[in-house]
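As a plain string of letters, each chain reads:
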Amino acid sequence: MYVSPIREPLIRGAKNYSQVTKDILAPMAGTPSKYWYMGITLAGAAALFGAWATFMTVYYGIGTWGLNKTVGWGWGITNFVWWVGIGHAGTFISAILLLFRQKWRTSINRSAEAMTLIAIACAGFFPLIHMGRLLLGFFIFPYPNTRALWVNFNSPLLWDVFAISTYFLVSLIFWYVGLIPDIGTVRDKAKTKIRKAIYGFLSFGWTGSAKHWSRHETVSLILAGLAAPLVLSVHTIVSFDFATSVIPGWHTTIFPPYFVSGAVFSGFAMVLTLLIVARKALNLEEYITINHIESMNKVIIVTGSIVGIAYITEFFMAWYSGVEYEQYAFMNRAFGPYAWAYWIMMTCNVITPQLFWFKKIRTSLVATFIISIFVNIGMWFERFVIVVTSLHRDYLPSSWTMYKPTIVEVGLYVGTIGLFFTLFLIFIRVFPVIAIAEVKSVLKSSGDNKINAHHE
Amino acid sequence: MNNYITAYYSDEEDLLKGLKQIISKGLKVNDVLTPFPVHGLDKVIGLRRSRLTRVAFAGGAIGALVGFLFQAWVFTNAYPINFGGKPFFAVPSFIPVTFEIAVLFAAFAMVFGFLIHNKLGPGSKNIIHDERVTDDRFLIVLDIKGEANDKIKSIETILSDAGAQGITIKE
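Chains as they are written, first to last, in the working numbering: chain W, 1 to 456; chain S, 457 to 627.
Pulled out of the complex, with its shape left as it was, chain S reads as follows (with noise of 0.2 Å):
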């Protein structure tokens, strides 16, 4: 059983000219392996802006309410003491423990939502289709599950035309 075909270029200029010509064709890439972020690539296989963006500013917002009202709890509630005659609810001096929460919180969300988003973490077992990919070759990976010999064949011939080496049928 075929499941996916994979071809390679050894240039992000060549791959994103490539790209364009497969993707004109009507073929979908399921995935493209880069050394590196290369500039231009998700417009071209249209991926939408993050947004874990929205992760960290929730867990921002988070944090600072839960460094906050942590503060103002033990002060005016669970432990209220009188250092040198200051307020018990004394806000300017709650900012920096807030602060320092809320960035803590946002930094931490971010990156565990990063993670669990691209199943990245220890231990993961994602394929790894070239071992090239992390030095200088830039691989696309076409889903091809089910489809017929004849489709395939013509899958080889677009990816061929389009400038990409080393195809490969993979199960």
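So here's chain W without its partners, still in its complex pose (with noise of 0.2 Å):
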């Protein structure tokens, strides 16, 4: 296949496949790191916080948050979009650009979504816990019952249950089919009977035959093409939990598509901050180049660039309609008494991607890494935003209030970022964190000296 000359390669350090191999599974053999204690023992102590947390609210109920009457959704609903947003970025990495034909994402596609899975997990937590009784919450799932009763299909919060669940089984299977060739070099590779038995069981007794290959990719493209539409409606539904109420501030068409973007953008910013540090604690930098770097950043400037004009065409919006409610709504966002909270999501989500406009910027990995955590800050503010600013003022100044979370519902945001990162860790010492696969494929159109790979 003809690839430009100029074009810089994907993989550097002129590889051939078995170095392949062996460069990407050394994370998973031996003993792991210090590093990976001194992480896992961070994170799990997060983890317990929120356990601690999730006992007070089931043992005590919703009284031990800050909610009150008029604020009834505040961090559990903000932690949930937050969550399911940046899943967004895994599906877009190995859906859309799969079937946009990016090479690049083979690097990064393994990794970014198992942070999908693990964020829907993080994500579905918020929802389930926040009915309180947490027993209780196959309750809305439709399933005949003695009350001979039906959930409510014209709520978007059922729409919701169906597009989260199917969004993580379908992401599930994705990565789990994606995953059954690299379990195969996993097994083969495997030093001790018990290794060998466990990923013998999990590969599924993958052969590599070109029967099985020829399928294997016609699985991965028509999944791509699920995904890829499943993906902007799971947003567009979370989105729909808003957009069809009549609270000013939440009743705007603009929603989907700004939620959307507003996903992706988040996500990415997610992936950025895993694999800056992933790369060099795994030793993976010549497969996790700047040039990946540099492409999740001009994807972060777009979709930032797209949150941004969401933004201000909301606040436009809220001018030109001439409705009181809606422009008070805004007016109150910006200088009303959170407006701290706006300006952070302004400064952090409109004005901070703009810098990757700089090459010096977007191909540095102090400046990148930097960015992407007040993109993650900013996202969460963003949805903090939407949640509180436009529920604490409602039509009733009489009811006005303000919402402040208690410790019970720090625990829990803060333990699900703990358990996010025990996940992650446990994940890149149990499966190769990069497509072994995939990566062998693109070796030899777009590794390093090019035609060098096959001679060992």
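No lab work stands behind these hints: they were computed from the structure. Bear in mind the structure is a predicted one, so any value in this text is a computation, not a measurement. Heads up, the beta-carbon is just placed ideally off N, CA and C, and yes, glycines get one too. One or more of the hints may lead you astray.
Stated by the list, open to error - Computed spacing ranges between beta-carbons, pair by pair:
(1) S:Lys575 / W:Gly137: 35 to 45 Å
(2) W:Leu134 / S:Phe539: 41 to 51 Å
(3) W:Glu285 / S:Arg505: 16 to 26 Å
(4) W:Ile301 / S:Thr532: 45 to 55 Å
(5) S:Arg505 / W:Leu365: 58 to 68 Å
(6) S:Leu521 / W:Phe100: 25 to 35 Å
(7) S:Leu521 / W:Glu285: 42 to 52 Å
Two chains, each in its own frame: build the complex with the hints.
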């Protein structure tokens, strides 16, 4: 296949196939480093804090949260939307970039998809605990019951149940189907009997047959084709939770595209935060190169700009609509008691990503890492602003109030972050973080020295 | 009793060249095992395009029907309840769930189809001819069950002429 000579290689260091296998499997071998132990201790401690908060919520009830009559949704829903959004980057990378035949996705899709799965699990936790009675969570599913009751299919909250569950399951099988050949590699390289047996079981008996590969490619392509509209539908439906209500500041038609691009925006920021650390810690700098970082930063510029324009459009539409409640909601956002949150959001989401127009900044690891953190923070505040500022001053001034989270709510949020990093750290020890077979398949066309790959 | 013969290449371009040569000599290659999907291999060994796409379509169609009809049945028949004066048979609000169920069914139908068709699954006992297939070897497998010794000899010559390495006869 012809590749332009000015295109920079995606994989550095003139590797051959067996070196690729060795490099990518290296982080799974031996005992973990002391940084890994430090990381998992920290993350585990945070997760324990979350476990305590979960216990408090379940035992004493939702009254342990800072919610009140006026502000019925607080950190819980903010965190839910934030986590779902983070998950979107993984699917975007593995599905949409696959459909667009972007080869640079091969180095990052595996870990981004793992991040997606963990993020959806963290997201799903919030609506569940928000019900207060965790054990009755299954009530949200339409199942035949003695009360002959069914769920309300007119409600976007119910659509969410279907969207998030489908999204999780489809992402899971997409990820696993992609993993099967690589688990085969792990199995064949395993040194101990137990390891061989476990990975042999997980590899589903993968042989690498040409027939299997041909079908595997078809499956991957069609799953990508299914996952692409799915990922767009998920955040669209999440935005419907707000947009179909009659709350000023929520009831806008711009929400679906604005939420989807915001989701991809925050997701890429999280992928960058994780991978900039991971590539260094796992010694995979030749696979996840500056080019990959730069490509992701370009996606951040695009989606960040869409988000910025959405903020401005919302404001304009509030004024142009002539509806005084809508106008007040937006003035209150920008200049009311939660103005600080609004301006953090504006700074982090609208201004910081624009710095990536400078090549120096978008090819700098340190700058990218810092900006990615800013975007993560900004996108959390975006959801906080949408949820809380729209609610705390409603139609009736006598019920106006303020909302402050309690330590239990903070605990739940910190807990999911802890859970996220705990599971991610376990993931990098259990499965190959880079899709080995996919990297090999682009090695000839996009590796260093291009043709040099096959001499042992 | 000899069952099959295997040989490997260490580069996919050599593999494709060698395979063309072997096939032109009239030998039937039963399987080619590779570490990654090799572009153009399907054509050389004459694989048809997978029909799994139809399985996905069927799954999706069934999912859409099930999703839509179920919601319609619940709202018009099983439990008609007035939500803010909205119509019972509210097609637009059935769309999101219908779509999600369609995607779910299509994806699962396809993946299960893939696994069953390939005889892959937990505990599957497929023969692993060479542990380096998942690393850096491109292995070809030829069936020689019940062939005479001269014939096997000639196959071996053809293989080595085509640049294949590590020619082994296995039971």
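Right, here's what the structure says about each hint:
1. S:Lys575 / W:Gly137: 35 to 45 Å: For lysine 575 of chain S and glycine 137 of chain W the Cβ distance comes to about 38 Å; the hint holds.
2. W:Leu134 / S:Phe539: 41 to 51 Å: 26 Å, violated
3. W:Glu285 / S:Arg505: 16 to 26 Å: 39 Å, violated
4. W:Ile301 / S:Thr532: 45 to 55 Å: Given about 49 Å between the Cβ atoms, the range holds.
5. S:Arg505 / W:Leu365: 58 to 68 Å: 43 Å, violated
6. S:Leu521 / W:Phe100: 25 to 35 Å: Since leucine 521 of chain S and phenylalanine 100 of chain W have Cβ atoms about 31 Å apart, the given range 25 to 35 Å holds.
7. S:Leu521 / W:Glu285: 42 to 52 Å: 50 Å, holds
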